[in-house]
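Read top to bottom, the protein sequences are chains A and B.
Just add 1184 to the spot in the first sequence (first one is 1) and you have this note's numbering.
Just add 1184 to the spot in the second sequence (first one is 1) and you have this note's numbering.
One should not assume that every hint holds.
Which copy is meant is left open, because identical chains are indistinguishable; a pair holds if it fits in one copy or across any two.
[As the list claims (entries may be wrong)] Listed next, the in silico DSS-like pairs over lysine-lysine satisfying Cα-Cα at most 25 Å (straight line):
(1) K1334 to K1206
(2) K1413 to K1196
(3) K1433 to K1466
(4) K1470 to K1364
(5) K1460 to K1413
(6) K1470 to K1196
(7) K1413 to K1364
(8) K1460 to K1364
(9) K1224 to K1206
(10) K1334 to K1195
(11) K1224 to K1413
(12) K1470 to K1195
Keep in mind that the hints were calculated from the coordinates and are not lab data.
There are 2 protein chains.
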Amino acid sequence: MDRLIEAIRAKKNPTVAGLDPKLAYIPQFIRSAAYEQFGKTLEGAAEAILQFNMGLIDALAPIVPAVKPQCAYYEQYGWQGMRTLDATIRYAQQKGLYVILDGKRNDIGTTMEAYAKAHLGTTEVEGQQLPVFDGDALTVNPYLGTDGIKPLLPICTERDKSIFVLVKTSNPSSGELQDKVFADGKTLYASVGSLCESWGAQTRGQFGYSRVGAVVGATYPAQLGELRKALPHTFFLVPGYGAQGGGAKDVAPAFDERGLGAVINASRSILTAWQKTGADEKDFAKAAAAEAVRMRDDIVSEIGGIQ
Amino acid sequence: MDRLIEAIRAKKNPTVAGLDPKLAYIPQFIRSAAYEQFGKTLEGAAEAILQFNMGLIDALAPIVPAVKPQCAYYEQYGWQGMRTLDATIRYAQQKGLYVILDGKRNDIGTTMEAYAKAHLGTTEVEGQQLPVFDGDALTVNPYLGTDGIKPLLPICTERDKSIFVLVKTSNPSSGELQDKVFADGKTLYASVGSLCESWGAQTRGQFGYSRVGAVVGATYPAQLGELRKALPHTFFLVPGYGAQGGGAKDVAPAFDERGLGAVINASRSILTAWQKTGADEKDFAKAAAAEAVRMRDDIVSEIGGIQ
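Please model the complete structure; the sequences and the hints are all you need to start from.
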């Protein structure tokens, strides 16, 4: 997690831009060029998304420390979309960005290890270790317990990567299971939070945070503050700012007294900034950058700076 | 779920062959041919897996009603592996097999809808609806609650597809969260089971089972029997037979009095049958078919036939 925290401190910006591209967000000139080359096909759509992402990354790289591609928006364009995901990760890392893959992957044993190799590690082909998607961090789902998390940890340590475990998600029905109280008096989300502290215990870095982070939604500020206190070594990835309704005041409890401890995600508000502000389509990346600056200033002023 | 049940009845076989290919399971002659064409690369590995899968599917199609590719084993070979996943699904469906995609996907709202489109539905590209991976069923994770399941249901109904929700998984640490008892006296897994009944309530088919199935591990026979009684409209996908330790007696409680209600998965024991029996590598598919027949007979004789 140290690499992410260092990038946050260097850019004085505790936010991450979600790359959740829908075709409707992409300027017509980009789409037309892609369809001319590849047709109105999955390949054409995947090419349009790649060009859109590259434009966004160029404009955002000086401002944000990290990007978060959401795997679902690439998978929906098939293997062609996954090729665009791969190229997007490479491009973002070349531009110095930390890449959080939002895949919410989960399985057990050697199967979970295959996901770990796919997204954070390397895959062996006849004695050669080949990097695959090779993100810097991956979101994962805890429903299967320790068997679903353990296979990730050696790969995180060996290759300087991290994970974010779903703890308390930002959606309206997140409480349906996560808020239920067990007989021991703890909610499901608090139980998963405690597991994050123990899964990460051996991997704490120089800022006190481990390689096992947690996803905690901006839409539940009380739980954010409660979890920040209960999980002093767990870094938070906080979705739900912006389009989902969370504001700077809502996310403030996620931070520690140094202004560290969390990275706040916004996707739609950044990707669609050119449409919302009525900008020329050629200025889509400039509009995204302006929104990223607005978001940074909004949050940093609320939390009183980053040490 | 009716299409799966009809296939089970037609083949008198309530099992599914898991396609979880590792390079170590693949005969040398297939690997060598692939590497000659594409090098010892992700593409070469993906080609070897495709040829292995096609051989297995040819041999298994007369015996089993369904196959279950595990997404992780394809993702670990990158977009090239996902292209093999896509080709495997197409080939299996051409051979009349029902395809359960084991992706354990989970997210909320439009993001979950993107997964639903990717794996079960169609993706729109400029007014055209294009099928993508287009499996017949998808495994999903319930941690995010109803917001993570609802987006799948209209696509299941429109395109005659189904889902299997993780309820009680087969791994040793599944109890860590799933077996914990809530203040209302219900375990987490039983709570998710009840949700499956309500999520599926509007989609019951001719055999009484809905489009919302459940994953329940063979390694917990007591819970299998308890859940079979509690969830009369929920069809079960049961992993854990064979290599994970479950036997025919362990899975028997998953079935109703008609011999319906569940499909039992085995992966490793089928894929590695040629190695375990010391068969010639050219006979890998024949050995897999023999193991599939053995498994079928083992289970069908235990449950006393399928009506």
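Cross-check of the supplied hints:
1. K1334 to K1206: between (34 Å within a copy, 20 Å between copies)
2. K1413 to K1196: within (23 Å within a copy, 57 Å between copies)
3. K1433 to K1466: neither (33 Å within a copy, 65 Å between copies)
4. K1470 to K1364: neither (44 Å within a copy, 50 Å between copies)
5. K1460 to K1413: neither (37 Å within a copy, 53 Å between copies)
6. K1470 to K1196: Only inside one copy: K1470 and K1196 sit 20 Å apart there, 62 Å across copies, limit 25 Å.
7. K1413 to K1364: Close inside one copy (20 Å) and across copies (24 Å); limit 25 Å.
8. K1460 to K1364: neither (38 Å within a copy, 46 Å between copies)
9. K1224 to K1206: Cα proximity of K1224 and K1206: one copy only (15 Å, versus 35 Å across).
10. K1334 to K1195: neither (32 Å within a copy, 39 Å between copies)
11. K1224 to K1413: This pair counts as neither: shortest intra-copy Cα distance 51 Å, inter-copy 50 Å.
12. K1470 to K1195: Within. Shortest intra-copy distance 18 Å satisfies the 25 Å Cα cut-off; inter-copy 60 Å does not.
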